[in-house]
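There are 2 protein chains.
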Amino acid sequence: MSKGIISKDEDYSQWFNDLVIKADLAEYAPVRGCMIIKPYGYSIWEKMQAALDKMFKDTGHSNAYFPLFIPKSFFSKEASHVDGFAKECAVVTHYRLKNDGEGNIIVDEDAKLEEELIVRPTSETIIWHTYKGWIQSYRDLPILVNQWANVVRWEMRTRLFLRTTEFLWQEGHTAHATAEEAIAETEQMLDVYADFVENWMGVPVVKGRKTANERFAGALDTYCIEALMQDGKALQAGTSHFLGQNFAKAFDVKFSNKEGKLEHVWATSWGVSTRLMGALIMTHSDDAGLVLPPKLAPIQVVAVPIYKHDEELENIRTYIKGLSAELRAKGISIKFDDRDTQRPGFKFAEYELKGVPLRIAIGSRDMQNGTVELARRDTRTKETVIQEGLAAHIEQLLEEIQTNIYQKALNFRAENTVEVDTYDEFKRLLDEKPGFLSAHWDGTPETEQRIKDETKATIRCIPLNNKQEEGKCILTGKPSTQRVLFARAY
Amino acid sequence: MSKGIISKDEDYSQWFNDLVIKADLAEYAPVRGCMIIKPYGYSIWEKMQAALDKMFKDTGHSNAYFPLFIPKSFFSKEASHVDGFAKECAVVTHYRLKNDGEGNIIVDEDAKLEEELIVRPTSETIIWHTYKGWIQSYRDLPILVNQWANVVRWEMRTRLFLRTTEFLWQEGHTAHATAEEAIAETEQMLDVYADFVENWMGVPVVKGRKTANERFAGALDTYCIEALMQDGKALQAGTSHFLGQNFAKAFDVKFSNKEGKLEHVWATSWGVSTRLMGALIMTHSDDAGLVLPPKLAPIQVVAVPIYKHDEELENIRTYIKGLSAELRAKGISIKFDDRDTQRPGFKFAEYELKGVPLRIAIGSRDMQNGTVELARRDTRTKETVIQEGLAAHIEQLLEEIQTNIYQKALNFRAENTVEVDTYDEFKRLLDEKPGFLSAHWDGTPETEQRIKDETKATIRCIPLNNKQEEGKCILTGKPSTQRVLFARAY
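The listed protein sequences derive, respectively, from chains L and R. If you read the first sequence in the working numbering, its first letter stands for residue 1413, the second for the next number, and so on. If you read the second sequence in the working numbering, its first letter stands for residue 1413, the second for the next number, and so on.
In isolation and in its complexed conformation, chain L is listed as follows (with noise of 0.2 Å):
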């Protein structure tokens, strides 16, 4: 329990807040189960932004901004999206404080509005009350936009990353002329999503669709990707939806086609928030700390110099110099730290905290043989290499971070994903050894409510491109044509 991490195997979910708050990714707010970003982590997620902003622009899409609040009545037009959704919301219901003549600061109850304003959860409604605008012929679809945005939902359990009352956010949302379309673009941004997490983030994830339960409120069908975290419990990383004609409906919002005739718009929608920086932590790091991708690493390498004069230091500041220039040609981000302040023992741990994929180590004997002390924040394995040639070493080894901590995740998911043929067994593997169960479920909300209610384990999903195969239900033995994973999840 050095730097104030407990261990993962005492408390995982003690082990994630120590984690969180040593290492500056983040902390509580003093307003209920809202966060502070803290520039470490926000650096992190601007990296994950980034990279994501990229991928949506590549396929197509444009940013755009729609307003913070919208109009209570909004709630009321899609009739399953207000069941989702009303009940966790912050209500603004008046614009103005006073004072009370007695120094103290108070409602003005003369600026109490006709209508109240909902603080977005989600931007369905108010983005299809303006795509009505937008849209008049096939010729103004599709219409492919996504937006940055902070979102409030009222949580009354709340979790650093995982689950706050404010979190950050893109949410797609498009117009298209057809169903084809519309489901095209659903699965083309699961797949967008698939490959960020994974060849970004390196967490390998299940592409599936949601059962009936567990959709999203107004979807007709939900994508998802779905990871395994250390600790055996799933975290959904991200959504697609297929939303139908659902909020066209909603909000009357129509396109004359090649033939002139009328319809109604289909619509997608799609997202990820900072939840990720949750996933991010659980799956890679350990009790020293953080371990960053390289990819998403805001310093990749860190250079320590161990000296006793400062001409040493002179020596050594000389040599990272020309390395850092070399780095920075290939993209490669470099720190030296050079603070007199701390020592070198000091300054190891502090990057091993903050994930720090490699570290270079250079004292006065490396400089007379021509070396450096090379350490790996994934495998925490040390090795004298040359300098010689050091820039172009250092390029491969984060790519053998990226593509190894990606692997040990890989082989940690296969490890603990365990077909189960009975009840029995899927209860006591969900507390002995937890993780995702392959099992054959008879289909029905009623069973999969049932195993919720008893385990509380939920189906993450029924996976893309699924075997099918001819079972029983664990819960009912009524047939089965497919195995569904099921989880206990964040």
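It should be emphasised that the hints constitute simulated quantities derived from the structure, not laboratory data. Note that the coordinates shown come from a computational prediction; the quantities given were computed from them, not determined experimentally. A portion of the hints provided could be inaccurate.
Each pair may be met inside one copy or between any two copies, as identical chains are not told apart.
What the hints assert, rightly or not - No farther apart than 25 Å at their CA atoms in a straight line, the calculated lysine-lysine pairs in the BS3-like style are these: (1) K1459 to K1469; (2) K1524 to K1499; (3) K1420 to K1759; (4) K1666 to K1434; (5) K1645 to K1868; (6) K1459 to K1707; (7) K1766 to K1544; (8) K1510 to K1661; (9) K1759 to K1733; (10) K1544 to K1673; (11) K1733 to K1469; (12) K1619 to K1864; (13) K1510 to K1489; (14) K1742 to K1794; (15) K1544 to K1434; (16) K1544 to K1415; (17) K1469 to K1544; (18) K1742 to K1466.
Based on the hints, put chain R in the right spot on chain L.
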């Protein structure tokens, strides 16, 4: 009045609104005073964000994120701050809606917050509450943090981009060990803003200080950059505040200095917002539409093919493909508009409206002659140029346009900045030839207020490095040592 835009001379205010709507920059939302920033408008804002963000990082700042909601009590802690911001804010009082049983969605009175939350109008209070936990010693200073966020101020009269209930902005919040350092930061960020607004937006600004009346609520000193719009009204384009120890005292933020003594921390804050979009539009645009500076134009060059037969189009396409590669290598964006649903004349008008700096028209005769027609948006001039070396010519032209629109705006400002020595002349000019009026003022808030009440002109700023000269206040005739800059303002 083609394109549905009224002439500037006829009605400047209506022209601005028409242009914002017709050029697809923004529109009003169904929520009072809120706006929807459309994809084209947002893509300009994104370019502004990217340039500013780089400047902030180059001066050592990091981004972070603080909560949208601020407990009501926080506002009472800094006395002048509450007066400035409590009057016009959105208040969250409840956290749940419910169905009243008759199909209506109503606010659930059982879900009333104990303490109301304010949607941030600015974040000094919540950030200084947070800094208390971050700062113990001089070693923790300076803190150089910026936030990109949405804020809400309940404005009674709103205009797209210029004054909206919700707007997007960045707010820098820094903490320092000494007053000198904080003042240096305040001044540095003013310089960063001036650099950005002049060299990226092409909008000349006057750097100055606000009078006590116009200061930010809670600041000891407010620095600003003021621009002059085409209708002779001023627009405050950015502010940088020296907050002294006001917020540190209000939130009890102390640090132990090198001698181990506890002192209150010194603060600055600084911000620019989507209001800059208004300044951009009202500095350069004309009756034909937007005029964008090349550095911020989402599309810098558009190529429109003029052809009758498909094979002609294919020849042109091949040529433009090669040109595009050359331009992209220079970091210049080009769009090839080969839509066959619109005629060239329609496209020309559309790209004029959207402010694309350079337009290439190219037909079969051009292909035979090895030429293209180049049209500049800023001067609305055309020239026929040879294809050889075109990429380099375009690069140079874009730089010329960037310089030219700035110079034009600078000339306009020079023509509309007048030294005035009598109150009659002052009032006459405000009505007949509005602009910056440089006049003597006796230095009292009362005189400033009376001038404002009688003429609607305010003191925009006391220019930095102002010339000291003897004079008499235009209103009271009392002695004055320097002229200040008056104008009616947005």
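Verification of the supplied hints:
1. K1459 to K1469: Both. Shortest intra-copy (16 Å) and inter-copy (14 Å) distances satisfy the 25 Å Cα cut-off.
2. K1524 to K1499: both (22 Å within a copy, 13 Å between copies)
3. K1420 to K1759: For K1420 and K1759, the Cα distance is within 25 Å only inside one copy (23 Å; across copies 62 Å).
4. K1666 to K1434: The answer is between: 22 Å across copies meets 25 Å, while 52 Å in one copy does not.
5. K1645 to K1868: Answer is within; shortest intra-copy Cα gap is 11 Å, inter-copy 64 Å.
6. K1459 to K1707: This pair counts as both: shortest intra-copy Cα distance 8 Å, inter-copy 24 Å.
7. K1766 to K1544: Classified as between: cross-chain Cα gap 23 Å, same-chain 47 Å, threshold 25 Å.
8. K1510 to K1661: Answer is between: at 23 Å across copies they meet the 25 Å cutoff, but 42 Å inside does not.
9. K1759 to K1733: Intra 19 Å, inter 52 Å, cutoff 25 Å: intra-copy only.
10. K1544 to K1673: Within one copy only: 17 Å inside, 63 Å across.
11. K1733 to K1469: So K1733 and K1469 pass the 25 Å test across copies only (20 Å; inside, 36 Å).
12. K1619 to K1864: within (21 Å within a copy, 64 Å between copies)
13. K1510 to K1489: between (35 Å within a copy, 14 Å between copies)
14. K1742 to K1794: within (23 Å within a copy, 42 Å between copies)
15. K1544 to K1434: Intra 48 Å, inter 17 Å, cutoff 25 Å: inter-copy only.
16. K1544 to K1415: between (55 Å within a copy, 22 Å between copies)
17. K1469 to K1544: within (24 Å within a copy, 40 Å between copies)
18. K1742 to K1466: both (20 Å within a copy, 20 Å between copies)
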